[in-house]
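Peer 1: Based on the hints, put chain Z in the right spot on chain U.
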Amino acid sequence: MEGSSDGVIVARVLRGDAEVFRVLVERYRDRYARYAFHMLGNREDAEEALQDAFTRAYRSLSRCEEPERFGAWLFRILVNRCRTLGSRRGRRSRTFVVDEVAILEAAEDHPADRNAWREEIDRALQQLRADQREAFLLKYVEDMGYEEMSQLTGVGVSALKMRVMRACDRLRELLSEVHSA
Amino acid sequence: MMKDIARELRAPLSPPLSASFNGRVMAAVRRMPRHSRFRLWSRLTTPRTVTVIPLSWGLLAASLALFAIIGATRAFDDVRTATKPIVTALFPSSRVPEAPQRVQFVLVAPDAKKVAVVGDFNGWDAGHASYQAQHRGGGVWSVTAPVPVGHHRYSFVVDDSVWVADPTAPRVVDNDFGVANSAIVVQEQK
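Top to bottom, those sequences are chains U and Z. For the first sequence, the numbering used here begins at 1 and goes up steadily by one. For the second sequence, the numbering used here begins at 1 and goes up steadily by one.
Just chain U, same shape as in the assembly:
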């Protein structure tokens, strides 16, 4: 079944062969784990969101209107789960004072090192507002067009463009501060 299309696998699961769902899990887990990690900022929450998305997708599989586009449907569920978990995490973390520059400077053990640069990006990403981070990831990392993003998120194209622009401005600002320090 590994080489079968999403539609073929979905049809077989709907006939009662639940074990074949594993092929879809294997197919999408790594790519979508990356998105969940960038949105939520830690592996535990990312795994929780992704596992939740897969189980919700299985439970509602008969309502997947385009089985051949199962991946896109699953991604939509994941985006919603990340929003929910992100808002819950946001409520937890509001008791902490966030000193962005101090956090970013503290991460700068070896600025020339690739891992340090990556850590700086991850930290800067988490400083963005959730809606701006979501728009930035969909546009630049998932490589989506604005129309597709709009269908996925339910947000208008002009609002999405604004979010992406502000996310870019903020990332430049945060990462420039680190480099100029």
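Calculated directly from the structure, the hints in this document are not laboratory data. Ideal Cβ positions, reconstructed from N, Cα and C, are used throughout, including at glycine. Hints may contain errors.
Straight-line alpha carbon distances no greater than 30 Å define the calculated DSS-like cross-link-like pairs of lysine-lysine that follow [stated by the list, open to error]:
| # | chain 1 | residue 1 | chain 2 | residue 2 |
| --- | --- | --- | --- | --- |
| 1 | Z | LYS113 | U | LYS161 |
| 2 | U | LYS161 | Z | LYS114 |
| 3 | Z | LYS3 | U | LYS161 |
A short list of chain U residues far from chain Z (calculated; beta carbon distances all over 12 Å) [claimed, not checked]:
| # | residue |
| --- | --- |
| 4 | GLY3 |
| 5 | SER4 |
| 6 | ALA124 |
| 7 | GLU147 |
| 8 | VAL157 |
| 9 | SER158 |
| 10 | LYS161 |
Some chain Z residues close to chain U (C-beta under 8 Å, calculated; not the full set) [unchecked claim]:
| # | residue |
| --- | --- |
| 11 | ASN22 |
| 12 | LEU64 |
| 13 | LYS114 |
Peer 2: Frame of chain U; chain Z shown alone:
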């Protein structure tokens, strides 16, 4: 700079998800009811080898004979029941069919972009125009819609993807998908 950032972020998660992730998802999947929407159709349409035992033909013939006898006796009943609609037409009952009642559904969902009500009264159709909730402010969504008199199951669908049972109503498990729906009893207003 944005392209550099995007290139870094497109790199696979390192280290990747553990191998046990698949197992955890599949364990959760196995705890849920299996889908069976097409099981009967599949059994009827999928080619398979059938072994025929001679005795089974005898049993089949005996069954057919039995059904023929039962059918003949029922024919008399059919004639009698066929006259019922004529009697009803000549002497109509004074009872008027109960009209659907207006029911208000309310859900508090501050993060929702869209909320719809689905149930056995609208064919579980999240796109049904009469059951789209409106945002009343403060995260409160509501819709008042017609529901026939009787017992019904229903749920909210948030943002076209998340099923949410009504937190203010009793729950009942849907055996088809294992989803906890809400239960409602609609009575005719006096």
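Peer 1: Check each numbered hint against the structure and report the violated ones by number, ascending.
Peer 2: Going through the list in order, the structure violates hints 6 and 12 and respects the others.
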